[in-house]
Every structure is written in structure tokens, then in C-alpha cells.
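Visitor: Just so you know, the sequences run in chain order A and B.
Letter 299 of the first sequence, counting from 1, is numbered 299 in the working numbering, and no numbers are missing.
Quick note: to get the working numbering, add 1000 to the position in the second sequence (first position is 1).
Please note that the accuracy of each hint is not assured.
[Claimed, not checked] Distance condition first, Cα-Cα at most 27 Å in a straight line; then the derived BS3-like pairs of lysine-lysine:
1. 130(A) with 1143(B)
2. 1143(B) with 158(A)
3. 1032(B) with 1132(B)
4. 369(A) with 1143(B)
5. 94(A) with 1024(B)
[Stated by the list, open to error] A few chain B residues facing chain A, derived, Cβ under 8 Å:
6. 1057
7. 1059
8. 1068
9. 1071
10. 1073
11. 1107
12. 1139
No lab work stands behind these hints, which were simulated from the structure alone.
Predicted, not measured: the structure shown is a model, and the values here were computed from it.
All residues carry an ideal CB built from backbone N, CA and C; glycine is no exception.
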Amino acid sequence: MAASVWKRCVTAAVKVKCLSPSLSARRWLLSAAYTDTKVWEAREKDPQNLALLATTMDRTYDRNLPVSSLSVSRFVDNISSREEIDQAEYYLYKFRHSPNCWYLRDWTIHSWIRQCLKYGAKEKALHTVKNKVQYGIFPDDFTFNLLIDSYIKDGNFKSACSVVEEVMLQEAFDRPSTQILSLYAMGRYQATRPQLTVSEERALGASLLICGLQQDNTVGLSAQLLGNALLGKVEMLNGIHAVFRGMPLYWGHGYLGRALALMERAAAASGDVKLTKDAVDYTRDLLQELSSTSDSDSSGAESAGEEDEEKKEDHVDEADQAERAKLPQYVTRFKELSSQLESEGKVDSASFQDSASALAHQNLAAAEKPDLEQYLSRVQGWEADNRQLIVREKEMRKKAEQEKNERLAAKAAAQQA
Amino acid sequence: MAKKKQLRLIAEMARKIRAYRELKSRPRESQKYALDYGTMRRPHTGKMLPVLAWQDVRRESRLFSLLAGMRLFGVGRLFTRKSWLEDHTEPSYWQITKVKVDYTAENLDHGKAWGILTLKGKQESEVKEVDKAMYHDWRLVPKHMEQQLKDFVPGPEPPVRYVPYPPLLRAMLLAKHKKAAGSVLAEEPVLPLKRDVLLSKDYFRSQEQEAQRTEGTAV
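One chain only, chain A, in its complex shape (with noise of 0.2 Å):
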């Protein structure tokens, strides 16, 4: 253990700062180099007065002409307290409320989450990443990255899991390190067993389900089956339109159907692939809960009134109604399947949560090389762009400044004459 956290400092590229790491469940995940900001503060600085621009700004806003992206850009990285962030976010809102709300560019993006990580407004990051719609914030995997990293190293799993709900809707799971990352978020808060809302169960249903489909190993598969088995169970209570309204879900019904025919493929499969036990035995409950759930109900509807029971019927669909009817069968197939897998052996006794730690051991280090090569020719790639529309933005001032000359010297000749 303590080999390969050396090896990990001394194959990495930039000069690390070689901390001991405790050996306890708070770890952090991502190694120093990865969280290094002297890669970010070595571009070449542009010093601006933020005081002006935003006077600019404001005064560009007022006589409804656009804002240019460079300014916005240029507001963000002169950020120096505490107090300019709330600044900052309010002229990021306004941007994105206007005509050039498409040009927001990606290093604005990404150095506003550096920023309010560096000035301690986390909250105000997530807050602006949840209502992307309101600021424009679509950070990249590197920024998402960085942000699940330092929740995760305040042992705040609660608004890791939010933030990894963010990447599920922006469906942002390419790289392996933040799908490595994600899994390890969100068995730690499956671990703490919290109460979920309809919404949270969704969301993080829909968060495991699409982070495990890239993933092809036991975390990845159980990953999967507790996404289908809590999709499946909002699907029970609400409803499919519940269940993929404004989420980049498949609209089929049967999501408990499906986690059962992952069962068993995992059960046919030939592979060293498992399910963990605990994900076997939250199904289990989950399927207890709705068949006692839809007992008591169908007892229930018997002594109530007709008008509830048609009102039921508006609100339950056709196609609702035929899922609820398979419940005992999906149970009685659950039985079967869970017998078939401890019988071969394909129950992994760690935990959901323990599984994705060790998974994190291995494979992070790993994964995190290639994403710190495209970091740095990105980041590259950002400054020549910068430096691209500060030319850019000099040129249109000459060009604006002579043609205002030329007026007035016309109007002065035409005065003359």
C-alpha cells in the first residue's frame, strides 16, 4: 500500500508535494498532482480593474448592446476576495441572459470553480452548477473532478452525490477517473443509509445506473443493478413519466424487470464478475417494501371511497398499472435469481462501498495520467485562444476608433463647408 503511494508521487510529472497519507476511511482521492493549482496559476495573467469592467459592463448592458465573452472571462480570473465571487456570479447570470449566452467560454468556466474553491464558496459553486440553466455553468470532467475531489476530502458524500448528480444529467462520464470517483462519492453515501425524497432516490438511481454502464467490473454491475432497483421503485410509486422527466433516462417501462435481467447475466456470465452483496440485499428490502406497500394499498382501496379510486385512475396509466401487476412476479423471479448467484458464488461478500474504495486504490492513479497530459495541451490551447481575442478585441477598438475619427472629420468638414 504504502509502495504504490510512492511510486504514485514520484511518477508524477509535476514537482508533488509528497504529503503521508492517512491510512483511515477519510483519504483523499486525487493525488496532489492532480489538485495542483501551479499549472493554472502559471498562464500569463491579464491584471484588470474589476471595478471597471464592471462599470463597462453595466453601462454595454444598458445601452443593449452584447457583452463580449473576453470581458467575462477576464472578470473571473481578476477575482481576488471573497465578495468579488458574488459580483462574479451575478455578471455571469447577466451574461448568460444575453445575446452571446452561447460563447461562455471553457477556461471562464473552469477558472470560476477554481476561484471559489480557492476562496472557500464552495456552496456557491454547487449552487451555481445545479442552476446551470440560470448561469451557464457546464463545467468539464477535469473541473468536475476537482470539485467531487474536495467535497469528497470534507467528507461531505452528501453534495459529492449532488454534484454527481450534475455529471449524470450532463451524462459527463467519459473519463474513468470521474466515474471512479462517483462510484467511490456515492457508495459512501449509500453507506450512511440516508432517507431520500422521490427526487433524491432518482437522481441517484439514475446517477448509479449510468456511471455503472461504463463500468464493466463487479462495482460497475452492482452500480447498475441499485440504479434499476431504485428507478424501478419510483417507477412503482409514480410512474414512469416520474421517472425520466428531465432526466436522460430511457422512457421503457420495467426498470425492475431489467435489474432482475442483470442479475441474471451476471448469474450466466463466465467472467470473474460479481454483485456485491449488500446491492443483492437493498434490492431484496426494496422489493419487500413494494409488494407490503401495494398489499396494504389494494386493502385499503377497498374500504375507500369511489371518488379516491377514480381519481387513482386518472393519475395511475395503463401501462402503470400492467408493471404494478407483475410486482409478486418480479419478487418470485428475485428469489430464484438470488439463490442461482450465491449457488455460483457470484456474491461478492465487501461491500458496495468498500468495493469502490479498492477499485479507487488501483485504477485511479492510473486513470489520472492521460487526464493530466489533456489538461495541460487544454490548458494551452485556452491561453493562444485568450491571446487570440485580446488581438482580436484591439483590432475592433482601432478599427471603431478610426471610423469615429472619419465621422468627425467629415462632420467637421461638412461643418466648414
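Fit chain B to the known structure of chain A by using the hints.
Guide: Below, chain B alone, put in the same frame as chain A:
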């Protein structure tokens, strides 16, 4: 000769100014398509939505409600409509290429979008404006389902069916042919059930011109 028409310059100018003001005060997309979800009325015109659409309006979302929460406003993603999912078994979807969002909307959920349509598995070649983007009918295709939709290969088109002509028309056709050619028409005239021609003003005009040419004078 009648009196020369008076030059009404001021009226011309007023007309131009009125046209310009109308152009300037066009309602934005967000104003035109705003909807009060309680009474199902559009505040702009005061009209109510058709009753059969109410359930959809409550349950589904508009295209731009989905696009507002996506990176780059969902350029390059696929979107289906619930009505297509119900009507056709073959997949139909729009792939978005360009978006012009109405920035005066509070949630940026109105605007125009352009893209490439694939209807019933057949992809079109040009970018067109997305029709009915303001309908509450749209669903995002998740990335893990995209390949499934794109892989679909539409089956061969069923052959064109033919039916016999109605008896009077058939008799007229045979008589015409006998008058023109002098011999009895050997094969049965049949009517194809699929029309190749797009019916439009130009088509009818060209048909009239052809008829005039063949018939010569009226009498």
C-alpha cells in the same frame, strides 16, 4: 383620362413607419409561446390549448426546456417526440446542429433550433428548422440509447399497389384510346396508389397548358 392619382407622400411615410414599428415590436418567442399551466391559456393570444393536449402539456417538456440544461444547448444530441414513439415503430429523431435561443426568457426555454431529421429510419440530407419545437412532446435520447437508434436500418419499401379504374372512367379511357389509335387497348388501365407528383400551383398550371396544347381550340 382620369385625374392623375395624388402623390400622398406623408401617407407613404406613415405606412413605412408603421411597418417598421410592427417589425420592431414583434413578440419574442418567449412571449408568443408562454403558457399558463393552470388555465392552459396562452397569455399572448388568450387562446386555450386543445383538450387532448393537456395531459401531454403537464407531463412532457418542450424542446428548449431540455436544451437549456445541456452543454452548448444540446448541439449534436438526438431528440425524439413522444408522438413519433407512439405512431411509428421505426425510430425517428432530430439531430440538432444549430440553436438560436431567446435570451429574454427567464429559463432560456424558448427559441429556434435547426437540425437533421431522420423519419422512420430514413435520414434526410439537409439541415432544416426543427418543426414544432414549442410542443410539449419532446424527449432526450440518452447517450447509451443513441447507438441503438442510429443502427436501425429501414426495411425495403413495399411495392406500389395498383387498382383498376372506376368503370365510367375506364370506359372513357378505352374510348379515347380507340379514337386516337384505332385499335382496342390490349392491357387494362391501372391506377397507381402512390402519387409521384407533388400537387402545387405549378403542377396544375403545367397540366392546363398541356391540355390546351393537345386539344387545340375549344370547339
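Visitor: Does residue 1057(B) pass the interface hint, meaning its C-beta sits closer than 8 Å to a C-beta of chain A?
Guide: violated (12 Å)
Visitor: For a C-alpha distance cap of 27 Å, please report whether residue 130(A) and residue 1143(B) respect it.
Guide: holds (21 Å)
Visitor: Could you grab the alpha-carbon distance between residue 1032(B) and residue 1132(B) and see if it respects the 27 Å cut-off?
Guide: holds (13 Å)
Visitor: Please verify that hint: residue 1139(B), Cβ, nearest Cβ of chain A, below 8 Å or not.
Guide: holds (6 Å)
Visitor: Under 8 Å is the threshold here; is the Cβ of residue 1068(B) close enough to any Cβ of chain A for the hint to stand?
Guide: Interface hint status for residue 1068(B): holds (5 Å vs cutoff 8 Å).
Visitor: Residue 1071(B) was flagged as interface toward chain A. Is the shortest Cβ-Cβ separation under 8 Å?
Guide: holds (4 Å)
Visitor: Does the alpha-carbon distance linking residue 94(A) and residue 1024(B) stay inside the 27 Å limit?
Guide: Roughly 23 Å separates the two Cα atoms, so the pair holds.
Visitor: Interface hint check: residue 1073(B), Cβ to nearest Cβ on chain A, cutoff 8 Å. Holds or violated?
Guide: holds (7 Å)
Visitor: Would you settle whether the hint for residue 1107(B) is holds or violated, based on the nearest Cβ-Cβ distance to chain A being less than 8 Å?
Guide: Holds. Min distance 6 Å.
Visitor: Is the interface hint for residue 1059(B) satisfied, with its Cβ closer than 8 Å to some Cβ of chain A?
Guide: holds (5 Å)
Visitor: Does residue 1143(B) lie within 27 Å of residue 369(A) when you go C-alpha to C-alpha?
Guide: holds (26 Å)
Visitor: Taking 27 Å as the top limit, are the C-alpha atoms of residue 1143(B) and residue 158(A) close enough?
Guide: holds (26 Å)
Consistency with the previously given hints fails for number 6 only.
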